[in-house]
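S.K.: Sequence:
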Amino acid sequence: MVGEAGRADEALGQIIALRPKVAVLDARLEDGSGIEVCRQVRSADPGIACLILTSFDDEEALFTAIMAGAAGYVLKQIRGTALVDAVRQVAAGKSLLDPAVTPRVLVRLREGPAEDERLAGLTDQERRILRLIAEGLTNRQIASRMFLAEKTVKNYVSSMLAKLGLESRTQAAVFATRLNT
Numbered sequence: 001m002v003g004e005a006g007r008a009d010e011a012l013g014q015i016i017a018l019r020p021k022v023a024v025l026d027a028r029l030e031d032g033s034g035i036e037v038c039r040q041v042r043s044a045d046p047g048i049a050c051l052i053l054t055s056f057d058d059e060e061a062l063f064t065a066i067m068a069g070a071a072g073y074v075l076k077q078i079r080g081t082a083l084v085d086a087v088r089q090v091a092a093g094k095s096l097l098d099p100a101v102t103p104r105v106l107v108r109l110r111e112g113p114a115e116d117e118r119l120a121g122l123t124d125q126e127r128r129i130l131r132l133i134a135e136g137l138t139n140r141q142i143a144s145r146m147f148l149a150e151k152t153v154k155n156y157v158s159s160m161l162a163k164l165g166l167e168s169r170t171q172a173a174v175f176a177t178r179l180n181t
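Residues 1 to 181 in full-length UniProt numbering are what the sequence shown lists, from first letter to last.
Keep in mind that the hints are not guaranteed to be accurate.
To be verified - Below, simulated EDC-like cross-link-like pairs (lysine to aspartate or glutamate); rule was C-alpha separation at most 16 Å, straight line: (1) K21 <-> D45; (2) K76 <-> D98; (3) K151 <-> E111; (4) K21 <-> E126; (5) K76 <-> D26; (6) K76 <-> D58.
No lab work stands behind these hints, which were simulated from the structure alone.
Build the full structure now, drawing on both the sequences and the hints.
M.R.: Now the structure itself:
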């Protein structure tokens, strides 16, 4: 062990300064998220592996940690020797998930993330148009790409916005980007 901190800002500063092979981070810190610290550490120095240690069996935190670049995710119920082994595995470049959370990761990989219920009401054409709006295309460009009249695209856009409860193309683009549709 080369350092210890109870706050996110302290942890980030120490990790960057001390450059350990592995940073063991609590998912929930006094002033923030260990997962966010992981994201910042991995951006600053991808050579530092992060192992998230948490009391909470929280699916969303698990997937957020994975997306933040965490090499491992273990629950605090882990025994001392198992934690040391986990740190060693992560230091060796391996990935590690607590056995209690592994089945959910596999299910999500097989089934994909849950779809936003608002998308269920869209037609296939409206979904395609939503993706193209997120890419920044104008109605004219969408019409050309989809071999439709520009007026038809405008009608699809109006219908899609109403179904999604949105007011503008910008809101639709942000919505689509967040969902990765």
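S.K.: Please work out if K76 and D58 have their alpha carbons no farther apart than 16 Å.
M.R.: 12 Å, holds
S.K.: Given the hint that K76 pairs with D26, test it: the Cα-Cα distance must not exceed 16 Å.
M.R.: 9 Å, holds
S.K.: Taking only the CA atoms, is the gap from K151 to E111 under or equal to 16 Å?
M.R.: Distance ~37 Å between K151 and E111 Cα, so the pair is violated.
S.K.: Is the Cα-Cα distance between K21 and D45 16 Å or less?
M.R.: 10 Å, holds
S.K.: Does the alpha-carbon distance linking K76 and D98 stay inside the 16 Å limit?
M.R.: 10 Å, holds
S.K.: Is K21 within 16 Å of E126, Cα to Cα?
M.R.: Distance of about 48 Å is beyond 16 Å: violated.
Hint check: violations occur at hints 3, 4; the rest are consistent with the structure.
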